[in-house]
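Visitor: Each chain is listed here by its residues.
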Amino acid sequence: MKLSQAPFNEPLLVIQISDATLEIKLLELGFGFKSECNLVRQAPFNGPFTLNNEKTQIILRSEDANRIEVSLLPSL
Amino acid sequence: MKVVLAGNPNCGKTSLFNRFTGMNQKVGNYPGITVSKREGSFTIDGEACSIADLPGIYSLYAGSEDEKIAVNALLDLQKLEKPPITLCIIDIQSPHKNLLLLSQLIELGLPIIGVFNYRKKTTTSEVNDWIKKLEAKYNIPFLAVNANSGEGVDALKEELKKSKNQVVISSDPNSKVAEFAAWIKQANDSAAGSNILKITKDLRARLEDADGSFPSKTFSTEHKQNSTQQSHSKTSYLDNLLMHHIWGYVIFGVSLIVIFQAVFSWSAYPMEWIEEGFGLLSSLTQTYLPANFYTNAISDGIIPGLAGIVVFVPQISFLFLFIALFEESGYMTRVVYLMDRLVKPFGLSGRSVVPLISGYACAIPAIMATRTIKNPREKLITMLVIPFMTCSARIPVYTTLIALMMSSEASVGVFNAQGLVLFALYLFGAFMSFFTALIAHKVMKRGGRSMLIMELPNYKMPSINNVVLTIYEKSKSFVFQAGKIIILVSLALYLMSNIGFNDTFEKIDNNETEFVNQFTPNELAQLKLENSIIGQLGKFIEPAIRPLGYDWKIGISLITSFAAREVFVGTMSTIYALEDAGDDTSSIVQKMQSDKNPDGTAKYSLAVVLSLLVFYALAMQCLSTIAVMYKETGGWKWPSIQFVVSTGSAYLLALLIYQLMS
Chain H
1 MKLSQAPFNE PLLVIQISDA TLEIKLLELG FGFKSECNLV RQAPFNGPFT LNNEKTQIIL
61 RSEDANRIEV SLLPSL
Chain Z
1 MKVVLAGNPN CGKTSLFNRF TGMNQKVGNY PGITVSKREG SFTIDGEACS IADLPGIYSL
61 YAGSEDEKIA VNALLDLQKL EKPPITLCII DIQSPHKNLL LLSQLIELGL PIIGVFNYRK
121 KTTTSEVNDW IKKLEAKYNI PFLAVNANSG EGVDALKEEL KKSKNQVVIS SDPNSKVAEF
181 AAWIKQANDS AAGSNILKIT KDLRARLEDA DGSFPSKTFS TEHKQNSTQQ SHSKTSYLDN
241 LLMHHIWGYV IFGVSLIVIF QAVFSWSAYP MEWIEEGFGL LSSLTQTYLP ANFYTNAISD
301 GIIPGLAGIV VFVPQISFLF LFIALFEESG YMTRVVYLMD RLVKPFGLSG RSVVPLISGY
361 ACAIPAIMAT RTIKNPREKL ITMLVIPFMT CSARIPVYTT LIALMMSSEA SVGVFNAQGL
421 VLFALYLFGA FMSFFTALIA HKVMKRGGRS MLIMELPNYK MPSINNVVLT IYEKSKSFVF
481 QAGKIIILVS LALYLMSNIG FNDTFEKIDN NETEFVNQFT PNELAQLKLE NSIIGQLGKF
541 IEPAIRPLGY DWKIGISLIT SFAAREVFVG TMSTIYALED AGDDTSSIVQ KMQSDKNPDG
601 TAKYSLAVVL SLLVFYALAM QCLSTIAVMY KETGGWKWPS IQFVVSTGSA YLLALLIYQL
661 MS
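If you read the sequences in order, they're chains H and Z. For what it's worth, this note's numbering labels the leading residue of the first sequence as 1, then goes sequentially. For what it's worth, this note's numbering labels the leading residue of the second sequence as 1, then goes sequentially.
Just chain H, same shape as in the assembly (with noise of 0.2 Å):
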């Protein structure tokens, strides 16, 4: 599924970034293909959605949420 239709706090995991730049942006903040993630929240009116993982915290606009593919990770 699209990252944008993920549910808010469950594991997922990264499967594809369809934008090789979206993917190098990602990749610097330690969010690349494989990288397991969380959807936090999402600002007013189709705003950006925050995205963490153990390490860090990004926003990205709903646009490229819709460019990365994910996967529900089994919860723990």
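What the hints contain is simulated information worked out from the structure, not anything from laboratory work. There's no promise every hint is true.
Stated by the list, open to error - Each computed BS3-like pair below joins lysine-lysine, with the alpha-carbon atoms no more than 27 Å apart:
1. K157(Z) / K82(Z)
2. K539(Z) / K603(Z)
3. K539(Z) / K55(H)
4. K442(Z) / K637(Z)
5. K185(Z) / K157(Z)
6. K591(Z) / K539(Z)
7. K2(Z) / K162(Z)
8. K162(Z) / K79(Z)
9. K133(Z) / K55(H)
10. K2(Z) / K137(Z)
11. K176(Z) / K137(Z)
12. K137(Z) / K34(H)
13. K185(Z) / K2(Z)
14. K2(H) / K201(Z)
15. K79(Z) / K234(Z)
16. K82(Z) / K137(Z)
17. K2(H) / K55(H)
18. K637(Z) / K68(Z)
19. K201(Z) / K34(H)
20. K539(Z) / K596(Z)
21. K55(H) / K68(Z)
22. K234(Z) / K201(Z)
23. K137(Z) / K198(Z)
24. K460(Z) / K55(H)
25. K34(H) / K133(Z)
26. K442(Z) / K55(H)
27. K591(Z) / K603(Z)
28. K55(H) / K234(Z)
29. K198(Z) / K55(H)
30. K198(Z) / K2(H)
31. K55(H) / K132(Z)
32. K161(Z) / K79(Z)
33. K603(Z) / K34(H)
What the hints assert, rightly or not - Some chain H residues flagged as far from chain Z (calculated, every beta-carbon gap over 12 Å):
34. K2
35. T56
36. L72
37. P74
As the list claims (entries may be wrong) - From the derived model, a few chain H residues whose C-beta atoms are all more than 12 Å from chain Z:
38. P7
39. E10
40. G47
C-beta: ideal position from N, C-alpha, C; glycine also.
Take the given structure of chain H and dock chain Z to it, following the hints.
Guide: Coordinates of chain Z only, in the frame set by chain H:
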């Protein structure tokens, strides 16, 4: 010895820079461009060392303009026979990302010291474990410092002393170092897309390697989780409130109101002391220096002009205090999150919000700050509308004009009425910014896709050292930049006010009885000013500004304040000090309030004051901003459009207001 600081954004680089340099620092520009360049100096055992703080980067693959500056500066170092020592700062809270850059810097062959920046809660054993592991892996020295408290800085200086003769890896063009440098250059120079696969491959490999660098799994995981959980829980708790879809905006709005009230009310006392101090200085100059033309030029020209600027330092300091607190605490990025969607319809991005808010302080650094906006169209729109935001140079003009309209004790409920008018003017500036942005967004050709990806730093207590240095540096540059213009303008004004070429001026100047007996001393002073060069110049433009309700005196101030807005108050102070012929020590506001039209009505009526407020809110009256726009856009096209649109709309709206109200 030369030292360079490199590292990720928010890793504590600037705190360490401040710790090293204290007050011995200057913020300039890189040659030909406007990304700020922080340089400073310090000593190690009496030996002078220079230090430069590069813009924050995550890797050597630069995206934005300021990232390119940092990467190019590092690539240039690599070409030197004896490059400066590069301190690569690694935030202990997120070493993973920082190791990515470190591994690239090491591969560039630069002499490097790895510096872990830790905070109070980090355990010594955790830091030591990291250092042991990385020293073995990379064979370069690593140290730990607490940039906020200064702990470990002396040991770092010792290490710098030891490392100053460190041998650099061969500059042989066929070496791996040269090959890597050539690749980085190619990756950054080439058209987007052509090297992307190789870049992502390199980054992935380095990240995997960084993962393997984590100290012994059981130890590090435990500590990492502890520290991450602690900071995450505190940050999560605050984020739940500050990024809340309702409370987030309420808190942001309230904090803006608090800032404006503070700028107005808290700074009133120091402003009064400064005004009294300059008044005293002026009297002392008159008393103790010989009575001649030069003494008058100092006491009635330069001192009142300078007082008109220095008096606003408290207000500017308060504004920068809040901006520094927002940035230092990590709150500014939350503002980007809250505002991005709201500003997007105007062709702006969440990243535009920080430059726009900085525009409340000064348009020059704000325009420089747009370098972090990657999309050229969003960047241009942001730059074009920043000058409408109420910069600190407008505060002197606004406070003087507002004081003409109402008493400082007037209040609406618990709020000071003057503060509320100032708040309304700030809102008006912001409204005009967004309105203009919307028009530009509709009119300008669409550019490429815009992206907003930012790290949300954990909240932290702002470092007092950093906040104080920011306030000091910003206030100093305001006073010195404006001060230079003010001294010249004040002196020129004084000279032009005391020189005239018509008969009336000469007769008054020669104290001819015909005039001395006919007029009071105040009337004589006014007549003299009217017939001086400056008076004639003001009168020359009077037909153009009369429909706005302005007389020749305001005309003089309008001419001089095209150099910088704040010159308005200095000019008015000089004109009114000159006009009253000496003994009246009442403040500039009182003097302006008591100025009457020939029919006995107040010269500064509500219609005139509101018209002036609108004119100063919109007109492009800052040579430095025009210069920065020229540099930033690489030509005169956009600064010219900006000047014509701003000043044209200022004239028309001021005209409309005066004509409707009078």
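Visitor: Of all the hints given earlier, name the ones this structure violates by number, lowest first.
Guide: 3, 5, 15, 22, 26, 33, 35, 40
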